[in-house]
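Asker: Here is how the chains run, residue by residue.
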Amino acid sequence: MLKDITIGQFFPGQSPVHKLDPRIKIILTLAYIVMLFMTGNAFGFLIPIVFLIVLYLIAHIPLKMILKSMKPIVPIIIITAVLNLFFVDGDPLWSWGIFTITKNGVAMSIMMAVRILCLIAGTSLLTYTTSPIALTDGIERLLSPLKKIHFPAHELAMMMTIALRFIPTLIEETDKIMSAQKARGADMETGGLIQRAKALVPILIPLFISAFRRAEELALAMECRCYHGGEGRTRMKQLHLSLRDAVASLVVAACIAGIVCINIFVTVGNF
Amino acid sequence: MAELIKAQNLTFAYIREDEEEQPAPVLKDIDFSVKQGEFVAVLGHNGSGKSTLAKHFNAILLPTEGTVTVAGMDTRDEEHLFDIRQNVGMVFQNPDNQIVATVVEEDVAFGPENMGIEPAEIRRRVDDALKAVDMYGYREHSPHQLSGGQKQRVAIAGVIAMRPGCIVLDEPTAMLDPKGRREVLKTIHALNEEYGTTVVLITHFMDEAVSAGRVVVVDNGTILTQGTPREVFSQVELLKQAGLDVPQVTELAYELRKEGFPIPPDILTEQECVAALAMLLKEGSDCRQS
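Quick mapping for you: the protein sequence lines, in order, are chains A and B. With the numbering used here applied, the first sequence closes on residue 271, and no number is skipped along the way. With the numbering used here applied, the second sequence closes on residue 1290, and no number is skipped along the way.
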């Protein structure tokens, strides 16, 4: 039952979006977030929305997946929208007691909702089109200039890789332990919240012990394979920037420039 | 032939600083050597010290007394630590706990990457190693999609990609099903025969030791006996004292001999056993006829 959980939600594919260098993809995702928060104009939002739709079409990500990734954030969107609806000053459209809805408030709450939706859809696109290993690789290389100030970039990436590697193993192990405890009469499906939480203890303790044991063995195996940290280590797969990456960067830069222009020159629909 | 691993008067105890009474040594005064290109099986029951012995071969454990040298390098010499570990690769029991990366080929590349080898050369070594263990078709798979035997073969590939002179396998088949065991043993034998890799196989399965070039029996921290499989397994009584079994066919021959049947004591394989029994039956019927 636990096997159904997929982490990273990577969709293997051969599209140009998949083939972008992971470093560039991470930077461009950050740029996209900046772009979303720079936009202060209703027309300005057309740019990030169209941009995202085009990318999803290029990457061939099914619509079902996008909707699925949106589901958990619906409450957040509603709360932000409601807060914005009531707490923005301006011309009152409707009021009842201490509650006032203003024209600005309506515009603001719609904008916030669109912004969060775009934010989640944009960052999801990164994990949909980049394999976890490429992602850690990209993060390691992006952070490597920080090694000069003793930032443990390699160690961080190594930890992420090992964590990703052991997720399926530990999930399988949890399944086994659960079956073993159920076979001995453990009850995990009934009772209130506290009782159920208590029922997790006999699963978590063996799981932790085995995880520590695994960690020790893995450390030994890594030492046997000459692991001694990031120093003097080479990589089999080298990342190369290509024309594709340059084009993608230019497109994002153009979008940001477009938003700046709209912010400055378009007066209709400003807030 | 040159001696690749050489242990002299090797004694080892897990010394604890906080306790006054020191525990009895796990290994006692062991003299042991492995020659280039050999296939050595180290046999012993649980707690006999065979794994502790194996961990001395690539400087995971250092001798309390005596010396261990690998290709002439003393394992206590920190300067040669990585040379030693590159020279003597180690494969452990649980394949899950020795695979580091989320993709098969990335894992095989882990060792060479640590050694700081050029990317193009790593690529070549990874491909060669995966082909040697017959896992090339799975190079882009994720380890958790593989069976136990396949994972263990990936672990072996990860070691041979470092181009070691010798691989030490510490009960590599203990956690595998019969099919996985056969796959792994076939791979180990192919490495020894086709690539000339020295193999030290630590095991408690008798049938795995039968096909080795030399068998060393470890019991209670000392070497009980060693020699060719035929020499070792004909000493049925000695092995039984050490809590070890002998291959089933050897045991059958041994019991028959005890009952007074003239059957050779050094039978190792089923074919030999069948031939010997057929001979015995034929002689028996000849006797009765005449």
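Quick caveat, the hints were computed from the structure, so don't treat them as lab data. Careful, some of the hints might be misleading.
Derived contacts from chain B toward chain A, CB cut-off under 8 Å, selection only [what the hints assert, rightly or not]:
#	residue
1	1061
2	1063
3	1092
4	1098
Backbone N, C-alpha and C define an ideal beta-carbon position, used for all residues, glycine too.
Asker: Can you name, in rising order, the numbers of the hints this structure does not satisfy?
Answerer: 1 and 2
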